[in-house]
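For chain A, the structure is supplied; the task is to place chain B on it using the hints.
Number of protein chains: 2
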Amino acid sequence: MYRDPVSSFLPQPSRDAAIRPLRVGMIGIGTVGSGTFRVLARNQAVIAARAGRGIEVTMVAARNLARAQEIVGEGVALTADPMQIATDPDVDVVVEVAGGTGPARDWVLAAIAHGKHVVTANKALLAVHGPEIFAAASAQGVAVMYEGAVAVSIPIVKALREGLTANRIEWVAGIVNGTTNFILSKMRDEGLDFADALAQAQALGYAEADPAFDIEGVDAAHKTALLAANAFGMPVRFADAQVEGITALQRIDVACAEQLGFRVKLLGVARRRSNEGEDGVELRVQPALVPATHLLAQVNGSMNGIMVKADAAGVTMYYGAGAGSEQTASAVIADLVDVARLDGTHAGQRVPHTGFHAHAVRELPVLPRAAVRSAHYLRVPVQAATDIAAVADLLAAQRLPVRQLVLANGPADATPQVLVLTESALQSAVDLALHALQASPVVAGPVIALRVETLED
Amino acid sequence: MYRDPVSSFLPQPSRDAAIRPLRVGMIGIGTVGSGTFRVLARNQAVIAARAGRGIEVTMVAARNLARAQEIVGEGVALTADPMQIATDPDVDVVVEVAGGTGPARDWVLAAIAHGKHVVTANKALLAVHGPEIFAAASAQGVAVMYEGAVAVSIPIVKALREGLTANRIEWVAGIVNGTTNFILSKMRDEGLDFADALAQAQALGYAEADPAFDIEGVDAAHKTALLAANAFGMPVRFADAQVEGITALQRIDVACAEQLGFRVKLLGVARRRSNEGEDGVELRVQPALVPATHLLAQVNGSMNGIMVKADAAGVTMYYGAGAGSEQTASAVIADLVDVARLDGTHAGQRVPHTGFHAHAVRELPVLPRAAVRSAHYLRVPVQAATDIAAVADLLAAQRLPVRQLVLANGPADATPQVLVLTESALQSAVDLALHALQASPVVAGPVIALRVETLED
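Just so you know, the sequences run in chain order A and B.
Here this note's numbering is used: the first sequence runs in plain steps of one and ends on residue 860.
Here this note's numbering is used: the second sequence runs in plain steps of one and ends on residue 860.
Any given hint could turn out to be false.
Looking from chain A toward chain B, a few residues come up when the C-beta cut is under 8 Å (computed) [claimed, not checked]:
1) Ile450
2) Gly455
3) Ala527
4) Ser556
5) Leu567
6) Thr568
7) Val621
8) Met720
9) Ser733
10) Ala737
11) Leu745
12) Gly758
13) His760
Quick list of simulated restraints, FRET-style, between CB atoms [claimed, not checked]:
14) B/Leu468 with A/Thr696: 45 to 51 Å
15) B/Gly848 with A/Ala788: 54 to 60 Å
16) B/Ala815 with A/Ala792: 45 to 51 Å
17) A/Asp682 with B/Arg423: 29 to 35 Å
18) B/Asp860 with A/Ala538: 41 to 47 Å
19) A/Arg806 with B/Arg423: 51 to 57 Å
Quick look at which bits of chain A chain B covers, simulated, 3 or more residues with Cβ under 8 Å [unchecked claim]:
20) 436 to 449
21) 557 to 563
22) 706 to 716
23) 723 to 730
No lab work stands behind these hints: they were computed from the structure.
All C-beta atoms, glycine included, are put in the ideal place defined by N, C-alpha and C.
The following block holds chain A by itself, in its conformation from the complex (with noise of 0.2 Å):
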């Protein structure tokens, strides 16, 4: 094994701990779950200098036993059952990192229901059953941590849970997908079509065989909704949530985005609406445009960024990698380590899960698609460069505002497109403009229309 560089000035950690290791249980065994096994070993020492005791994982449930053996070795008892994890009295925290919602919520909840802290790194686990395992935890007095589950290494959750505490948050926009992002780095920068980009992200295993919870935005939703929570106070929404993917995308608005110095990343945004009559959040994951030389337009390939506006912060932002089994590890420890540095009786109460005591979580509405505000790219086809005017003329007329209205570079012999940029505008009001552009004889064929985020306020 890797021979820890700083293992020479804590001689034998574990032995000399003046409490004993923190002894884990990992179910399942896979990419995260071995990266962690790898991570704990190779860097016991420093780990165990900063915990303050030994963190070991003293049991593993796995599918295919011969191959858990493999990584785990000697000394790790093995089990095909994870309810054996999960209720076995020698084991201080679960460790769950399986994925998957059903038994996922079946094992952690009876990891609870015997007193067990539990790590996760499972987003769709806590987006479908957030709310309901965080109430048990907090009735039972243990601590549910799942900084793996939102940005994979950057610790994001720990920034708003702790690090912001001090603020009301304004918004939170994130590139929080990491295939996502390594598919439109793909387009942008080589010209790629989606299913062209997303086929070399598979052949590089930046995507799986079955990428649908990646590319329809459902993996960046369920980050989302982890994050509006911690930011706003309010119970775990990814029901709610608007989400749209990248399978819609085409190359050529990735193109006429930067003719007008924007790039299209995935965001999930959270965004606090307190005006009149709009009182909630708007929780939603699209492709949107974003200023080219935004900080978070220069988060490419697989990375992850995430921003966040606060009233007294201001803006901050968090940048890391998107995916990775010991990237996700790092999370994973991380939270190991905060349990670590607890007693068992006081873990469960320090941190709120979603940073919020239970007692002050209430509904705030996600706002209906009509009712969120952006401001918007258009592109329209039309039958004439000329007809640019009687696009802006429709545009008045529909009373939605424009910021800048011009003809996308393009061949000669190609169809002529309007692109514009409105101003910040309801979303209803928006649907209404292209509903009559789409009835107008200039127009050439579909419209199409992505938000702009300007992240500026």
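Using the frame of chain A, we list chain B on its own:
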């Protein structure tokens, strides 16, 4: 007072809370202190919802009591004697935001001796007296917290001490001084000399009347020494840091760096070296060239940005305001919430002061300047453009590996300048080459050398 919109769901937080409010005594009510007071008042409901109890400033020490009275209004005890706050039995936490080192040390040590937690934004204090203060706090079982002392609102201490605990940190490189970053941005964007950019920064309030601590790199070195302690488990070793400011930086080098695809940033670098013969830490603050396409190069104006390379997480970056009253208050209050979330007994023990338990902190030698290794930018004024060959020959004879050698763009009548990018090399080898260059008859003036930080490995 501004009414916090979330207060509606927390009818009377202080009365309903199961635990009494945390009582804060504040030493200093200047920029940071008044911001802290203002944000605590404005966001009291949301802060209580997160902390599980109220946080109330009950006593303030100030030199100008009349001015303090204007800021805090009624209901807060005022004193001209900070020691009264440090020793008052009705104060739970002392917030030290007065600045300075000598008297602040005495106040903080007195507060610790009286069993109080301390929150401070005073980097100079901790850079100079950190080891003594942390040892006293550990002995008393109280916490000394200092998120606001390192990167204003960016929760970088939390990221290093808690978010990245799984990792061996390889390096930390940060833009941690807003004043100098503002000046460097002005020099680049407007082609200004250092003196003119400094004057603009002073006129706009981004630099103090006496800017020495900022422009000479001392403030950045305070912060970098704190980052190194948290990254590597070593004591705070500010006195050993290599510190160079930006006062000698010439605008021609900002322009030449640009020609080569780099930007000049004042970087604080803490890098673990464990190769043969150089086991230790590079700890240094210097103007350095950063690739222009790199995220850290996009940190402009008075913003701060810190990049961390860790063995499991890979690269993560943290970005936010590098100055400001409420921006710093955000971090001070986050520390207060951390204290409030624990009962008194456990607050001191949860997270060790620099992330490593006291018995695991060990001296790591700060490497002497000669043993520091990096790539370099050299600007060599020569007699004639054709002397580029002589420069190349001379560097080859000195065995300094060169990556690029090019003539600077510039007016035809100006002294020709040979620009050199070296491969990574020991400072001692670079110094020898510089000496040889300076002695060469083809060289027409002082040779300039700046570090290049590729931030890649």
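Query raised in the report: Which of the numbered hints are not met once you compare them with the structure shown?
Result: 3, 7
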